[in-house]
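Trainee: Okay, here's what each chain looks like letter by letter:
Protein chains: 2
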Amino acid sequence: MSDYTVIGKRTAMVDGPGKVTGLGKYTDDLVLPGMLVGKILRSPHPHARILRIETEQARAVPGVKAVLTGQDVSTQYGILPVGRDETVLAVGRVRYVGEGVAAVAATSEKAAFEALQRIQVYYEPLPAFFDARASMQSQDLLIQEDCPRNVKKEYHHHFGNVDEGFARAHVIRQEHFYCAQVTHAAMEPHSTLAKFEDGRLTVWSSTQTPHYLHRTLSSVLKLPMSQIRVIKPLVGGAFGGKDEPLPPEIIAAGLALHAGQPVKITCSREEVFYLHRGRPATHIDMKIGVTQDGKITAVEQTAIQDGGAFCSYGVVTILYSGALLAALYDIENIKYDVYRVLTNKPPSGAMRGHGTVNTRYAFETVLEMLAEEIGMDPAEMRLRNTLRPNTRTVNDLRVTSYGFPECIRKVVEASGWKGKWGKLPRGRGIGIGASHYVSGAGNSIIRADLPHSTVILKVDMDGGVTIFSGTSEIGQGSDTMLVQIVAETLGLPIEKIRIVSADSDLTPVDLGSYSSRVTFMAGNAALRAAQEVKAQLLKAAANELKAQPDQLELKDEAIFVKDDPSRNISYQGAVPLALALSGGTLIGKGSYAPPPEARGGKFKGAGVGPSPAYSYSAQVAEVSVDMETGQVKVEDIWVAHDCGRALNPLTVEGQIEGSVSMGLGQVLQEETLLKNGLVMNPGLLEYKTPGSLDSPRIHSFIVESVDPEGPFGAKECGEGSLGAVIPAVTNAIHDATGAWIRELPVTPEKILKALAEKEGRRWPR
Amino acid sequence: MSDYTVIGKRTAMVDGPGKVTGLGKYTDDLVLPGMLVGKILRSPHPHARILRIETEQARAVPGVKAVLTGQDVSTQYGILPVGRDETVLAVGRVRYVGEGVAAVAATSEKAAFEALQRIQVYYEPLPAFFDARASMQSQDLLIQEDCPRNVKKEYHHHFGNVDEGFARAHVIRQEHFYCAQVTHAAMEPHSTLAKFEDGRLTVWSSTQTPHYLHRTLSSVLKLPMSQIRVIKPLVGGAFGGKDEPLPPEIIAAGLALHAGQPVKITCSREEVFYLHRGRPATHIDMKIGVTQDGKITAVEQTAIQDGGAFCSYGVVTILYSGALLAALYDIENIKYDVYRVLTNKPPSGAMRGHGTVNTRYAFETVLEMLAEEIGMDPAEMRLRNTLRPNTRTVNDLRVTSYGFPECIRKVVEASGWKGKWGKLPRGRGIGIGASHYVSGAGNSIIRADLPHSTVILKVDMDGGVTIFSGTSEIGQGSDTMLVQIVAETLGLPIEKIRIVSADSDLTPVDLGSYSSRVTFMAGNAALRAAQEVKAQLLKAAANELKAQPDQLELKDEAIFVKDDPSRNISYQGAVPLALALSGGTLIGKGSYAPPPEARGGKFKGAGVGPSPAYSYSAQVAEVSVDMETGQVKVEDIWVAHDCGRALNPLTVEGQIEGSVSMGLGQVLQEETLLKNGLVMNPGLLEYKTPGSLDSPRIHSFIVESVDPEGPFGAKECGEGSLGAVIPAVTNAIHDATGAWIRELPVTPEKILKALAEKEGRRWPR
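Quick note, the sequences are listed as chains A and B, same order.
Mapped onto the numbering used here, the consecutive letters of the first sequence carry residue numbers 1 to 765.
Mapped onto the numbering used here, the consecutive letters of the second sequence carry residue numbers 1 to 765.
Hint data in this document are derived by calculation from the structure and do not stem from the laboratory.
Since we're looking at a predicted model, the values are computed, not measured.
Treat the hints with care, since some could be wrong.
Since the list can't tell identical chains apart, any single copy or any two copies may satisfy a pair.
As the list claims (entries may be wrong) - Each computed DSS-like pair below joins lysine-lysine, with the alpha-carbon atoms no more than 27 Å apart:
#  : residue 1 : residue 2
1  : 539       : 25
2  : 589       : 539
3  : 758       : 423
4  : 25        : 222
5  : 420       : 19
6  : 418       : 753
7  : 423       : 750
8  : 555       : 420
9  : 9         : 555
10 : 423       : 25
11 : 19        : 222
12 : 25        : 420
13 : 562       : 25
14 : 295       : 418
15 : 539       : 753
16 : 546       : 750
17 : 555       : 589
18 : 633       : 19
19 : 295       : 633
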């Protein structure tokens, strides 16, 4: 198919050996001499004024080296410039159960816990809000003083003319949906180690965004960035839960500064639930109109997200929930009114499929209802509403490569859809869903006219190549991706390439691992850096071979004249020549920023823009439903994902399977349960994510649309498959049972209730 | 005098705070989890065949994790490509007392020592040589099989025509001298920490030459260079004793590889004496002819150096002892026959003033004798024999800047020479001496057409500048020097500049701290890198100010139009503009290699060339000699040193004072005493270096010849002052007593003996 030697080949992760042998180091594995244990005292109140904090007794506990309260680290910060509303320890007021109030560093965990117990905090409890719709009604009691009606951010956008659209519709349907709060539940809890030595702060942290952490440490701790080094060790899963600077990271650093000794904070699983930053509980009203032949004429959505007590990524989450509606199907008229609301709960944030997943569930369900109403095959109906490649949507999103129709056809064919849909026995059903995602945001969070990714390559005297990249490998395979791109471009085996990533002292800036931006952006930067090195090698070889550089080819560790391969020089032989030619340091530099036409004027104001490329996914799920107990078993999932080009099919499939598994968790079983702000299931036994035994058979199909701007044609693959699995399963449940469930997760109780209602029976029995 | 803001200012060392507070980390201060102690079993024989080594019992000692013998690390290595004659542990034969035979790594020092005791080595002793002249007579017994007469290297060079020169002489004098073996005695013993993790070896070592260590680790341990990281922590003095890869460094790494745990080896003081690599015991025959008016007509020298059992730097040491004769005075006819001889002693190596010090003592003494003989003021005689700037010597050394005459005049005037010489009472005397040194070697040790130094600068978003340099700060101030050069060029205070030096993963190649090369070579590289950054800043500022870059000036953190300083932009304001202009990474790259005309065809073959610049020193010493006891007290030393331009007068004076102190040690008291190869005084109580209480008043004068090629005109200042102090003191002793001492150190016994011989008395009485 292609004549690439590394690209497109199933390639084992370069950081795999350390992970499978146990020799690799995660943050909590790191040990420094004199290292202290850091612990955080957390608020028992969902909302209260802090009257006084007494720390004298805590400081007197033997082994205690530092105690911090909010006054010591009071600078407000937040991942978004428009959302700097948080402090790392509460100042004056606590706004959710679990918010940090004070922190200690001590020589042992025992001493640290004892010190926490001896900190006296005097609170005056305040009324609290636990529901976004109730919070929006508040007149006097504001969670943040400058947010009237407790609305952190709202958007009211109207593209085209929905009134006209609905007027043209043959059928219109409007439904209300509720999606429960879910969280990432990464295997590795958050962990940070910090030391302050010789006037410099070094922070090792389990983070997706070392560069934003770097900036935040500088601003909160009042140290110049050049006096701070941020290193990201191995990360054991993140999924958005580590993609913004979080309090424990900054507290560990602050404690190290105060104690003059290294401090490590590793969160307990319970604390991870209070850090949260997961997907918000969301109310959605979705209205769609279609013509008799299934063409969508207008979409109108109202969404209310329960953001918790602080902004986090909320402004983006709520914008994405509306704006990205336009990039999957061809819709001429779109209107959305979306609200990010403050409540007295842990802040919601970004989670895999950020901003799109709940909307997608609502949309795909209403579409299914409409298909049923007009008597059309829902797969066929989706095909009738596709976009074309290289278009601009009604809200000015630039869509380039577009493999969505092929995705639908793949899963329809592979699942035997036409023989099954509407034809399976009661209790067995099949459903379809679709989703899409960005390949990074067009605008960076920090507003500067700088590249989003820069990669530097260094070629050693012995021909070894080192990649320096600020990217954050979090298990998704970004290190391997960069190694592959450089290896392919330089005609080398991957063993010759080493990568140093995410160490701010060593690596150039990369904005981090979020919004599925790394392959597209850092991949392009690496490609350009490698091309720069290649040009130097070819130039040196051309001198030696008495040829012009453009007559030469570099492949399989050799450089040769294309027309006469007998005239050649080995890569190993060319390296010293190129070194001499370039003054002793053979380096290449490449950077990437999205082109202006992908930044989208209309969305710039929100601090993010649309994306340089979109990926697409279509899925079919086949389920069995026990009609007695309401128990659902997902038997098979067929997934087709358009990822542009699969640089490494192994990891693309891994991402698809991981997304499916996470979506299955959300659709069938996951929910963070809170009672007066207290998390009732803060453990992995109680908050039940799907295990490998719960997995259906997953049939993955990679659709390669070969994006014109992606590196070797690649685009997103890590998040886009999540959104489709939820409606595919709920639609299959409908096919199996005839019932519609408008609330996630779809538990057996809800199915039995819906069946009872449908059949006019009393529920509970 | 100059309008520099940083250059030429007395500047505190940037690494000073860590050193004076104790927070700075030397290698032995480093601790890693699971770290083992490495210890080396050493030969008790000066020369013996190894019949068998049994290590089973050692391996059985609880806590022992690895045992190595020579067979495990048998690749021959050596700092010079022509001198790869050493193994890190003896293979088949031991050649000196103290040579390593086996090594262990264990969980405690106790276990390691116990294991050493349980290693059985079966030796067959061989006859041994302890004197170079005796060793040269050997026919059959060769210390190295391929070195007939036990001569490692000899040079027989003849420039001009000495027969003709001596024929023109009015007086000719030939004398024999002997200089005892001396060693560096740096405060910090050699220490190395190594770990092998994730397939990569990291080595922290107290070294002057991290890059050569890097290469040697790769070749001996068979790992690609790109899988090895070499880091140099703080170094507590080196003086040449750490300027080549030494066995404990490679053994620590080898043990770490075998044990799979980190290993640290810190040498005992006794072991440091056996590592040695100091100045060889040397026999010199020096013959000089002068005309009646004091002009030198010819010089002929025979020198025999006791090199110990291996080459080390010996080929260079012996070449320098002859070749550099020509670069101080104007001499038309020079001949030398010089021999580096193997003996069964620890290898001699490079020591401050490498290759020149003993020759200088012999030369300056014979010159003094000749001055006495022709009745001429010896200071005046030296002035009559000076070179001119910008000349080529008889042996093709290129001399550019030349402040030697001014050095002589300075110390003559400051010391009140004319009122004192020959006029002080018996027992009080004054003497003069002179010396010179290179500013690095013209050719690198590794023979490649690559720069000798490369420096990379990175400007952070917040305007902080980081210098990446492979240079090795060993206490001489090279980090501070680089910071000054960059600060001056970029118009910044030194607080804005951070330096990362000597970390092979982070820093580009620099050949290391030897031959006084760093200021000249790395300084020039840093200057060029800073100019490259400056150009980018000016270009960005020019866009903003609507001017041309060459109309702009960068100074005091601002960029302004020279003709209208009201049109300006702050440095801080220009940085983001320059970052945007340069694709997000504002970096500068500079490198330096000596120009071809300074590489000297005649010397290329020796693996080193002459230097791009020479520094000069003249010294006057005033001494009191107790005529009863022979005890010498040096009262005052006047030193003038031509260092081109003093970038940091504080450290230049520090280097001058340190060189004087080290020279005083060699002239009056230091000597490594060996008995059958066993060092009899292997401790700092027995091997007595001068302490601060022993110091005379040192009057330093900096002569600034402003070298045309040095960075801001700078050249060498760390070694050149050592050679002059020895003859200045011995000539002063002669002035005080009338006696000539032809042997170093000049102990009271030798003075009393010389006085007795001179006066025809019996000695000992």
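Trainee: Enumerate the violated hints, using their earlier numbering and listing them in ascending order.
Mentor: 1, 5, 6, 8, 10, 12, 13, 15, 16, 18, 19
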